[in-house]
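> Sequence:
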Amino acid sequence: MKHTEIEFKWDANSLRAFGKMNRALHATGASVGSAQLWRITDTYLDTPTRDFEKQHIAFRVRCVRDSWEATFKTRTEIKRGKAVRREETCQLTEAHNLAQALQILRRKKTWKNLPVANLTPLFTLKNSRRTWTVTEGKLRAELAFDTCEISVCGRRVFFKEIELELQHGSVATFEELTARLTEKSGLEPARISKVKTALLLRKLWRGKK
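Going by the working numbering, the residue at position 40 of the sequence shown is 40; the numbering climbs one at a time, nothing skipped.
Hints were generated in silico from the structure; no laboratory data involved.
Built from N, CA and C at the ideal position, the CB exists for glycine as well.
Among the hints, a few may not be true.
[As the list claims (entries may be wrong)] Ranges between beta-carbon positions, derived for each pair:
#: 1; residue 1: K138; residue 2: N118; range: 41 to 51 Å
#: 2; residue 1: E149; residue 2: G29; range: 32 to 42 Å
#: 3; residue 1: W111; residue 2: R16; range: 37 to 47 Å
#: 4; residue 1: Q36; residue 2: T110; range: 28 to 38 Å
#: 5; residue 1: R156; residue 2: R16; range: 35 to 45 Å
#: 6; residue 1: A27; residue 2: T110; range: 43 to 53 Å
#: 7; residue 1: K184; residue 2: N97; range: 39 to 49 Å
#: 8; residue 1: A27; residue 2: N113; range: 16 to 26 Å
#: 9; residue 1: Q103; residue 2: S170; range: 19 to 29 Å
Let the hints inform the model, and build the full structure from the sequences given.
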């Protein structure tokens with residue numbers, strides 16, 4: 001399904017960042033749903049000739065709760081914490097592991113005009129994600145606290161990030177809420193995402209070999 005993803009990211013690598021955002025969220029007066037915990041494994045891939053990189057596309061295969069899916073997103077720079085990008089997802093319902101997921105993609109050969117028959121893993125993100133549904137008037141959004149382990153070039157790096165993704169309502173109202181959360185939490189908007197971090201580390205460490 002095609003849609004545009006609009007989200008705001010905060011850097012959560014500072015001390016007690018999650019606690020600061022949690023207090024800020026409740027101080028806004030917005031309605032907050034029950035927490036949901038997700039264990040997510042994302043493997044990011046490209047073709048041997050880096051076709052996705054040339055098109056500024058991030059392509060991943062995700063496993064969450066034993067369900068597998070492939071997603072591509074147009075890569076955009078984060079501007080003052082805000083990211084807007086195209087996103088499409090294909091459910092890989094027959095897959096039970098990464099090898100089977102890649103086999104399904106090989107059989108497809110192409111998907112959304114992307115070559116998916118011969119994909120190479122770039123890096124893996126293991127994410128312990130805690131989410132809440134946030135509603136305020138006609139606005140509905142999902143807040144996520146991400147604690148990630150980035151595995152790239154045989155090394156591991158830990159990374160924390162907070163995301164608020166717009167699900168329903170106006171962009172202006174969403175931006176107003178993110179501004180209040182930034183002010184009340186004291187957290188800095190993210191300048192670089194976990195995916196961009198992994199790509200930069202891969203480029204750096206591969207260059208040292």
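> State for each hint whether it applies.
Hints, one by one, checked against the model:
A C-beta distance of roughly 45 Å is found between K138 and N118, which places it inside the suggested range of 41 to 51 Å. At about 35 Å, the CB distance of E149 to G29 agrees with the hint of 32 to 42 Å. Checked against the hint of 37 to 47 Å, the pair W111 and R16 passes, with Cβ atoms roughly 42 Å apart. Roughly 34 Å separates the CB atoms of Q36 and T110, a value that falls within the hinted 28 to 38 Å.
In this structure, R156 and R16 break the distance hint of 35 to 45 Å, their C-beta atoms being roughly 23 Å apart. A27 and T110 have their C-beta atoms about 49 Å apart, which keeps the hinted 43 to 53 Å range intact. Under the hint 39 to 49 Å, the C-beta atoms of K184 and N97, about 43 Å apart, fit the expected range. For A27 and N113, the Cβ-Cβ distance of about 46 Å falls outside the hinted range of 16 to 26 Å, so the restraint is violated.
Between Q103 and S170 the beta carbons are some 43 Å apart, a value that contradicts the proposed interval 19 to 29 Å.
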